[in-house]
Structures are given as C-alpha cells and as structure tokens.
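So the chains spell out like this:
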Amino acid sequence: MTYPRIRNPRRAGALLAAALLLTTTACTSGNHNTGPDPSLAAAVHVTGPLCDALPTGSEPGNPTALAGLPAGEALTWMPTLTTFEAAVRTSGVLDEHGTDGLTLLAPTDDAFVKKFSDDTWDTLMTRDHEKLRTLVKAHLIAGTHSLDQLAAAGTTTTLDGTTLTVTRTGDTTRFADTADAVCADYQAKGTRIHIINAVLGPLPTTADGTGHRAH
Amino acid sequence: MRRHRAVLIALSTLLAASLATIATPANAQAAEPNQVTNLTVRQGDGYATLAWKPVEGATDYQIERTPVDAAGNPTGTPTVVGIWRPNRQINQESPTFADAGFNPGDRFQWRVRARIGTAEQPYSEPVADTTTAPWGDPNVPGQQLRTQWETTHAAQYTSDTNEYAYTAAIDELSDRVRVVEIGRTVRDRPINMFVIGYPTPPATPEAVAATSPVAVNCNVHGNEPGDREACLIMARQLAFSTDQRVIDLLSHTTVLIIPTINGDGRAANTRGNSTGQDLNRDYSLIRQPETAAYVKMVRDYRPVAGYDGHEYGNSRAGDLPMLPPRHQNVAQPIFDESMDMIEGHMYREGAQDGWWPCPYGCEGGGSVGLGEETILRNTLGLKNVVNSLLELRSSGGQTRPDEGNTANNRRRKTFSALWTFQQFLDYHRANLTDITQARAEGITLQASNTGRLVFRGSRPIPAHPAPHPGDSPPPVDAPRPELILDNAPCAYLLTEEQYHGARTDGPGGVGATVAERIAAHGWKVIKTANGYYVPLNQPERGLIPLLLDGQGVEKLTDGQRIYPTLTGRHTGPLTITGFACLDDATVTGPVTVRPGAALVATGTTFTGPVNASGAAGVMLADSKVTGPVRVTGTTDAVSLIDLTVTGPVDLSANRTGTAPLLVGNTVTGPLACAGNTTAPSNLEVSNRVSGPRAGQCATL
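From first to last, the protein sequence lines stand for chains H and V.
Using our numbering, the letters of the first sequence map in sequence onto residues 1 to 215.
Using our numbering, the letters of the second sequence map in sequence onto residues 1001 to 1700.
Fair warning: there could be bad hints in the mix.
Unchecked claim - Calculated cross-link-like contacts (lysine to any residue; reagent style SDA-like; alpha-carbon spacing at most 25 angstroms):
hint, chain 1, residue 1, chain 2, residue 2
1, H, Lys114, V, Glu1363
2, H, Lys114, V, Gly1396
3, H, Lys131, V, Gly1509
4, V, Lys1296, V, Arg1348
5, V, Lys1555, H, Arg213
6, H, Lys137, V, Gly1276
7, V, Lys1555, H, Ala214
8, H, Lys114, V, Arg1281
9, H, Lys114, V, Asp1402
Unchecked claim - Simulated coverage check for chain H against chain V, where a stretch passes if three residues somewhere in it have a Cβ under 8 angstroms from a Cβ of chain V:
hint, segment
10, 45-55
11, 115-125
Don't read these hints as lab results, they were simulated from the structure.
Just so it is clear, CB atoms sit at the ideal spot from N, CA and C, and this is done for glycine as well.
Use the sequences and the hints to build the structure in full.
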C-alpha cells in the first residue's frame, strides 16, 4: 500500500506557515502564540504560594499579559491548568455563558490527579459529556469576583447550583472546606481566575493514590 | 556483553574528552578539607553537565545554580537545583549531573558541595558559562523554525495546528525530510511521520526498509507530551544541522519520527484517544485507527530499532526509566540486544553526560513494566524490533528540587528525552551490525516455530550490579502455568466467519475484520477448502497465538490449533493435497504440492525435489532440501526462511498478495525469481547463494 504524502504548500506557503508559528494565532485549541500585548492592561498582581510556579515578570503568559485575553485563551497560558483548560474547552461551557462576567475556580493538574483515575478522567472527557459539563460548572461563578470579595461574602454559588462556603484563615482562603486558593486574582476579559488545589463538585474520588499508572 | 564493546568504550571516551575542551575548569587544589574540586561544566541541548572530582566519604552532593550576568555578577538567588546520589550512575569515580530546567541560552554559575551524612561540606569554586540557546541559527532558513513550546518558554505545548505548520515547513525547507501521513485519528487528525535521510530520504517504504531504519514514537498518551516536544526539536536538528555527526547518521540510515500518534488525546489532554481507549493497550489488537496506522507503518518501513516515549508519575524514579520488550515470546536475541542498548549504551552514556537512566519501576515502582503484548514495547519486540520504553519522570522529586516552577519541570523532561533520542541514534549507528544480527536471529528463531509459547508473562530483568542506577528492577512477572503452552501448534485454522466476520470492537462499534488486522500485521495466510490457515513458521510467530489462540489473554478470536500432519520418516513420493504440516520429518522422495494445496514445514529434511505448481501456499523454515525447489503460480503465501538448499531455487509466476519471503537461506545452486506479481523480499536478512541470482531475486 502507499501512503498519501501530506499535501505540500508551495514554498511561499511553507514560509508563511513558518511565519505563522512565530507570529500569529493559529490553532484549534484557541492558543495564542506570541503572548498577548501587555500594554492592554495595567499590571495584574496575583497572590498565593503557587504563583512562583507560573510565568512571572515579562515571561510569556505573565499575569499582566493575560488580562486582555478571553478566559479560554488565558487558561492555555497557565501551565498548571492543562487538565482544567482541556475540560473547559471540551465542555463548551464558556462559549455558552456570554459576556456577563465570570469567576473561575480552576483546580491544578495535581488536584485532578488526586481526584480521578486516568480511566475515570478519560471517560469523562470522551463519553460522559453531561457529567463533564456539571463538573466544569461546579467551578464557575457568575460575575467577576476577587478573592477578597468572595472571602468577605463568606458563601458563593457555582453555576451547577451548589452553594460553597468561603473561609479565610490567615493568608489561606478555602472553598467548601476542601480547596485552597493557591494563586488568586488572575484577570482575563470579563473574568477572574483563582487557581485552587482541589477539585470541587459531586463526583466521587477514583484516584487510587499510587499516582503512577504503568506506561 | 557483545562484541566490539571495548573499542566503543574507548571511542566514546575519546569523544567525551574532545567535548570536554569547552568546559571551564575550577581551581584544582582543595582549599579546605572535603571541598569539591575540579568542577567543570559542559553544555548540551537544554542541559549543562557538571562534573567534579569525588570527595572521599561523601554521602551525596548538592548542585547549586545562580543566574549571573556577563561580568559574573549574580542576577538572581543561588538555588540548589540538584542532588547527586550514588545510585545515579554506574561509574562512581567520575560523578556527573545534568542540570536542566533553566531557560536555554541564559548564563549561570554553578557550585557543588559534598554532604557527609547530612553535614554540608564546603562548596567548590564556582564555574560560570552561558548555556546553549535553542537549537538553530535564527538567520538560517529552516534552522530558524521554533515550536510553540519553545517560543512560549514552555508555558504552552505545541498545538495540533502548530505542529502541522511546523512539520510542513520542515518538509518544504529540507531536502532530507519527507513527511508522510501514515493514517488518521478517530477524529480525522492526520498522523504524520518524518522520514529523514541524507541527502534525501529513500523514496518508498521498501527502500527505507533497506536502510535498517530507526523509529521514535513520541506521544501515545495525550497527557504525556514531554517526549513529543523533544521529537519536534530533533526533527529540526536532523533536517537542518550541518554537523558532521548528523550527516553521518543520516547517511547510514533513515530516521522515522512519529510526533503525535494520538492527536485527539493530545488535544484533549487525555491519556486515551477520543474513544477513551488507551492506545498503548492496543498495538496487538489494533482496534483503533491510530494503532493500526502504526502497525502498518512497521510492516512497510520495517524499523530495526525503536523508542516509545512516555512520562511517569513516580517521583522517586530516576530521570529516565527504560525497559526492553519482556514478553517471553520475544526472541532472546531481541531481548538481549534491547538490554544492551539500555544498560550497555544508555547507562554508560548517562554516566558521561549526567543523566540517570534506570530500569522502569525503580524505587517503589509497583506493578509496572510487565509483559502485555498490547504495549508497543512488547509488540515491537514480537516483531523483532530492538526497542525500549522511555519514561520521563513527571516531577522533579528529591533529586531535582527546583522544579516547582512548571516551565523548569517541562524543560528538564523534554531535554532529557532529546538527549535519549539522540543517544538512541548514536547507539544505532555504532551497533548496527549487532542489531541486524539480533534481528536476523530473531526472525529465524521465530520462523523455526520451536520452543514453548507463553500467552502472557515476562523475562526477568536482573538487577544491574551495584551501584545500581535505580533501586529495583521491575517485577518478575513470570508466566502462570495455565498461560504456558509447551506443545506449540503448526498453525491456526480460522473459519470464514472468524476471518471475515463483522466486528464491533472498534470506534463506534465498528471494528476491522480479523483478515484486515492480520494483513496489517503482515502475516501470511493460506486459504484452502477447510478455511484460513495462519502458520506459525513466520517471523512474528510469538505474536500470532496471542491473537488467535483460545487461551490468548487479549485475543481476536479462537482459532483451531492445527498440529503437524507428518513427523518422522517418510520414504517415497509425497503428494500433498489439502493442508500438510511437516515438523521434524525426514522425507526421502519427490514432494509435489498439488494445485490449491498447502505445504508448511519446519525442522524437516527433504531429499528429493520439492515442486509446487499452483499451490495455495508453500511455507518452509529451518529445513534442509537436497534437490531443486520450484514454486510457481502460488496463490496465497510463499515463505522460505532459514533453509539449506542444495540445488536450484526457482520462484516464478507466483500471484500472492504479500511478498514471497526469501530470508536467511543458504542455497548451493542458482536462485531465480521471475514474473512474481509481488517482488520477493528478504526482510533485510540476506541469503547466501553460491550460484547466480537472477531476476527479482538478483539482490536478495
């Protein structure tokens, strides 16, 4: 059998493609290649122990640079949120919400590893679309709320209809007695993003704690 | 453990010595007791190798890194970025540590200190150096390409569309590269493969196969993307480097790189594909289009060696857990050579460059690294491909304490994969004779259909002698008694329904037929009035029963075991109608295979001509023939492997859909092939022929 060769662009096309890599937005996942223009927003200050693990200063994906981006795109620049980013994108929930302002409680990749086995997660992502949507909505709050505002209110309600407690002890702000904010007050277009260290919502924990699945 | 080792070690030492000329020596005299001396640094792609003179009685060493400006003034905080432990390398006299995770191109100063127990000893004098910037001159077309992962400083992985644009740009700008689409994912994403050779890659899969190619599978689990980024960088290096090493490598083989077999899983960041199937549990069953594409690629391009990239969540493991094909049906020479690649080459080179390869599992490994034939590592071994699993330890763990920053962590993983894949190419270049010999022995061993069959279970991986570069080998995983078949059949017989019946085990409840999957694996099948025979005297003998025997743990169907129809002595003419299987037989007298009949033989001595005209199949292996062998007009399968023939061999006008095999035979007499619909192949295992070779067999 013969394999069809990939269709080649003309030379100009290839150079254009090469240029695309370096300069423009081109992808199905909504990624942005050069980083947003930091001049669009005033400096954004994020707080929490995890912030050091994320792009800072003038690095691509720094908090100030993300402030003008749509929320879905901003998530792609946060390297500890690869699971949540894919879940939000796959669920389609952000696209339906419109522009009324939104707050995201975004669990880290480590939080997802602690919560779900690979099999559970793959099933959620590939087959249980409604469950995935509910899970994502359990991390979304209508309106843009800073962490201070959420803590001052003491409770908040997520888009799945669940009311969460928000308690502050010292520097730690905790949601539903389980999830601490670990890097809070990222801003995106009409959106606040608080990174948290545990998964919220009603789904049972299926991770077995060994943490390393065979290859 | 194999030949030429001493020479190679000497060569690599020379190479290391010449590379070390760029190192910056620190002061040679210890100013204080137990101070580390002779610290040097040497730059690699995305890593810096620190080397020093060991301190007597040291328990371990700490490696400290500080960002500095051109004048040597610190521009950031000194940070302990590495812990060297004795189990890190096989060589204790020359400790090395590959520091990685920094932004490539930045300038740093390093110091190293010993600890005795927990007592910290004085730091060495510092060495400073500028690290190697991302590969490629920004002003040279092609070299200037960068991945999304590189341009975003590892904040983002390269997306699917950016991969395709990058791939197309390399394809267009480099004469050395041809990109082929080997298939599509369930969601119709192209699965591309770089085919890289110098000055240009061979034009057809068959021509690529003739160069004993190497294959790197970069991303089977969508949520383990580190190896894939290394593959994309390596493709650029191979495509555009003017380095003599690269030219030399590509002049001697073809490099096959499959960056993303699981594009759907990568896009969704899931382990499995879009149906939730773990593709690394599907390479034998090939229920999914992604794995089917890979297996067909192996059938057509015939790589002799491979690596399969993953990430591993055990933070106590070494940097680079590796494991050979262990399934007990894998031919011993393939297992041995794969072990030599890992322990002979990677352990040694790891100790040179500061990386820490180790047996998969490592400390607290649990029950990983077993014998499932559904895993590519084992599937490839059962296809006589020398190969290894590669894991990138997911987190920094105790030995790389500065990986809380995600970019640091991602860079260490990707650049350790890049080191491994480049080392893999060097291993192939230096050991090709051993690899091809192991492959030839593996193919002939398998085709001889000797020895027990094991449906599941592993060869043991003995612990490497102390200081072990891991702490524990993977579990023994011996086969359970009920999974051992001492009396191997000659063939499996499948009914029409089993062979062509509709299946439901693929995406959307539609699966390829058994016939299609057998064809994808490249096995020969002979049809007679009884049904479809799949003989075991084939190069993939170890894999066939796993899919077609009722005892198979993850099988396709329950084929009927067919045992030999003739063993022992037969004197007088032998005329074959229907299906005959000869094993350990001695036939004195002419053998005639009638039209539509099939002859399968192993371990048999024929004295007298063997004539087949219009047969359904003729498959002979590990046998001796005194007398001419004439096979003409065969309809289904022709295979002559490891025969000793005294007399002429003539294959002509065969009409088989698969290539007649002429593999590793010794022919005292002429070899002639003419008018075969599909040209015969030797699978790169040449025949020894004393007479002239003619027609389609002229180069076999």
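Are there at least three residues in the segment 45-55 of chain H whose beta carbon sits under 8 angstroms from a beta carbon of chain V? holds (count 4)
Run the distance test for Lys131(H) versus Gly1509(V): straight-line Cα separation, threshold 25 angstroms. holds (22 angstroms)
Would the hint linking Lys1296(V) and Arg1348(V) be met if the CA-CA limit is 25 angstroms? Distance of about 34 angstroms is beyond 25 angstroms: violated.
Hinted pair, alpha-carbon criterion (25 angstroms max): Lys114(H), Gly1396(V). Please report holds or violated. Cα-Cα ~18 angstroms, so holds.
Hinted pair Lys114(H) and Glu1363(V), Cα distance within 25 angstroms: holds (21 angstroms)
Need the status of pair Lys114(H), Arg1281(V): alpha-carbon distance at most 25 angstroms? holds (23 angstroms)
Check the hint pairing Lys114(H) with Asp1402(V) against an upper bound of 25 angstroms on the C-alpha distance. holds (22 angstroms)
With a cut-off of 25 angstroms on the C-alpha distance, tell me whether Lys1555(V) and Ala214(H) pass. With a Cα-Cα distance of about 21 angstroms, the restraint between Lys1555(V) and Ala214(H) holds, given a limit of 25 angstroms.
Is the straight-line distance between the alpha-carbon of Lys1555(V) and that of Arg213(H) 25 angstroms or less? Roughly 23 angstroms between the alpha carbons, so the hint for Lys1555(V) and Arg213(H) holds.
Count residues of the segment 115-125 of chain H with a Cβ under 8 angstroms from any Cβ of chain V, then say if the count reaches three. holds (count 6)
25 angstroms Cα cutoff - pair Lys137(H), Gly1276(V): holds (22 angstroms)
In summary, the one numbered hint that this structure violates is 4.
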